[in-house]
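What follows is the residue order along each chain.
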Amino acid sequence: MKNFTKGLWKNHPVFRQLLGMCPSLAVTTSAMNGISMGLAVIFVLFFSSLVVSLIKKIVPHQVRIAVYTVIIATFVTIVDLFLKAQFPEISRALGPYIPLIIVNCIILGRCEAFASKNNLRSSLSDALGMGFGFCWGLFLLGSIREIFGTGSILGIMIMPANYNPLIIMILPAGAFLVLGLLVAVMNKIEE
Amino acid sequence: MKDLILIFISTLLINNLVLSYFLGICPFLGVSGKIESAFGMGMAVTFVMTLATSISWLIYNLILVKFGLFYLEYVVFILVIASLVQIVEMFIRKYSSSLYQSLGIYLPLITTNCAILGSALFMVTRNYKFLEAVVFGFSGGLGFSLVLLIMAGIREELQYVNVPKVFRGASLTLITASLLALIFMGFSGLISS
Amino acid sequence: MKEVIRITSVLTLVCIICGLLLAVVYGLANEKIEINKEKRIEEALTILAPEAINVEELTIETETIYKLSNQKRNLIGYGFIASGQGYQGKIKMLVVTDKLLEYIKGIEVVESLETPGLGAKIQKDPFKNQFRNLSITKDIICIKNDTPKESQIKAITGATVSSRAVVNTLNKRIKRIREILNKN
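Line by line, the protein sequences give chains R, G and V.
For the first sequence, numbering that gives the first Met the number 0 assigns the number 0 to the initial residue and increments by one for each residue that follows.
For the second sequence, numbering that gives the first Met the number 0 assigns the number 0 to the initial residue and increments by one for each residue that follows.
For the third sequence, numbering that gives the first Met the number 0 assigns the number 0 to the initial residue and increments by one for each residue that follows.
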């Protein structure tokens, strides 16, 4: 159980470990995009950890990173094909950042640091914890940027009609800013 | 020729891989503390990126496209990158131990540098020809190095400033990056096609 | 030596298994992916040319052109894809013109990676509507200020590059389609 909860807060992949920044900044232009990416990562993280934990005894040490990356790349391709077939709008919205899940340090990081050294059950809880932690982090980031950048959340207008959206929020500069401030907030809370 | 120059300038400044596409953020945050390490990382990344895009282009267009194996794109690219980094590391270790000392630890990190895989993927979606792909890889690496160096310069100066506790570290770096991104947005006026 | 063999064989085995898995998933998903692509174009055609009951897909000189005819089988116009580099990535549009290629009936942006809130506005009605019944006997010109005249459209404030990209892509494409249709 503890393996699951640590990823949600104490050892949060984005706000504490500062991993997986690339997609965190790139796809959080809206809450929906954030959630979609989060779910895709949960899928890849879960199955990669599963496979890595199962085959950890037979993979020679020197080639483990290459093997893990191939496994991760395979599951990412599966997610990509799935989205293109079933949810083409989301696939278009997340664009090139789906394949970039492969080099999302969170996944390789957990495979290397945890799944390759622990039993199946712990590895799976760890994967789910980190995955859901990542997901809510993206949702938070995406929501803030969407609310201030477009006045809506999940497509629903919630700001008053005369709200002049801060376009900068949906641009790269805004992404860095919001994440930087969130990290500061998390630091303050941990104090 | 004009196309190549266009790709070079736009990737270096306007569509900078780090500030516009959020690629290579992990090393951007982690290695930009000192100018020396930033320089070393930048050079290593530029080298690997140029080779990676070139080799990936060859494999993609000469093998994958020919046999319609598009779905193997990601697996093949990441294998190319991981192997390249491994070879580069072995090569440097053998032929220049001083270079290996200074770059050593950063080399394995380049494999997970999203900028490298990202540049290979963009090369495919933008349908570059071979020479364009090479220039793209090269300028992408340079653009990354440029931003890394600027950030290192700023952070070295920031060491002498009293930063509030909650903002220290990654938080301040991210906020600085935000300002850098804003500044680089100004470059988009450079090219009016 | 034994180490090297073991390392290579494990890696190769993993690659083969993954490759096979992907081949299977691809086989299952590919059909749907192709259908999705077609649907997008169909939807766009319905919006732009609702009176085109009959759509005939032609391939002339490697280019795909949709011949649009009404219920009485009279030719009412042509549809084709125009694709070009925008600010952030490729912009793909469906263009519908009259049968003489004298004016655009309308455009629909089918694929775009432009900046949300700025360049992405090319997908919204205010921008797209400028192309309804736009004269194309001359090249389209993108202007920044003043009221657009014939064959002119106004760029989106803050998204000149995306707007210009749309116009340039259209001009190039219309020229090419005109060329093909005149020859055949």
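The hints are simulated quantities; they were obtained by calculation from the structure and are not laboratory data.
Just so you know, even glycine gets a beta-carbon here, dropped at the ideal spot from N, CA and C.
Do not take every clue at face value.
[Claimed, not checked] Here are some, though not all, of the chain V residues that point toward chain R, as calculated from beta-carbon distances under 8 Å:
1. 0
2. 4
3. 5
4. 9
5. 13
6. 14
7. 15
8. 17
9. 21
10. 25
11. 28
12. 31
13. 35
14. 108
15. 112
Hint by hint, here is what the structure shows:
At its closest, the beta carbon of residue 0 of chain V sits 14 Å from a beta carbon of chain R; the interface hint therefore is violated under the 8 Å criterion. Checking residue 4 of chain V against chain R: minimum C-beta separation of about 10 Å lies over 8 Å; hint violated. At its closest, the beta carbon of residue 5 of chain V sits 6 Å from a beta carbon of chain R; the interface hint therefore holds under the 8 Å criterion. Below 8 Å, beta-carbon pairs count as interface contacts, and residue 9 of chain V has one with chain R at about 6 Å; its hint therefore holds.
This hint holds: residue 13 of chain V has a C-beta 5 Å from the nearest C-beta of chain R, less than the 8 Å allowed. Hint on residue 14 of chain V holds. Least Cβ distance to chain R is approximately 6 Å, under the 8 Å limit. The interface hint given for residue 15 of chain V is violated, since its Cβ lies 10 Å from the closest Cβ of chain R, which is over the 8 Å cut-off. A hinted interface residue such as residue 17 of chain V counts as satisfied when its beta carbon comes closer than 8 Å to some beta carbon of chain R; here the least separation is about 4 Å, so the hint holds.
Annotation: residue 21 of chain V was flagged as interfacial toward chain R, and the flag holds, the nearest CB pair being 5 Å apart, inside 8 Å. For residue 25 of chain V, the suggested interface contact is upheld, since its CB lies about 6 Å from the closest CB of chain R, less than 8 Å. At about 4 Å, the closest approach between the beta carbon of residue 28 of chain V and any beta carbon in chain R falls short of 8 Å, and the interface hint on this residue holds. At a threshold of 8 Å, the smallest CB-CB gap from residue 31 of chain V to chain R is about 4 Å, leaving the interface hint in force.
The criterion of a C-beta within 8 Å of any C-beta in chain R is met by residue 35 of chain V, whose closest approach is roughly 5 Å, and the hint holds. Given the 8 Å rule on beta carbons, the hint for residue 108 of chain V is violated: about 11 Å separates it from the nearest Cβ of chain R. Of the supplied interface hints, the one on residue 112 of chain V holds, with its beta-carbon coming within about 6 Å of a beta-carbon of chain R, less than 8 Å.
This entry does not satisfy hints 1, 2, 7 and 14, going by the numbered hints stated previously.
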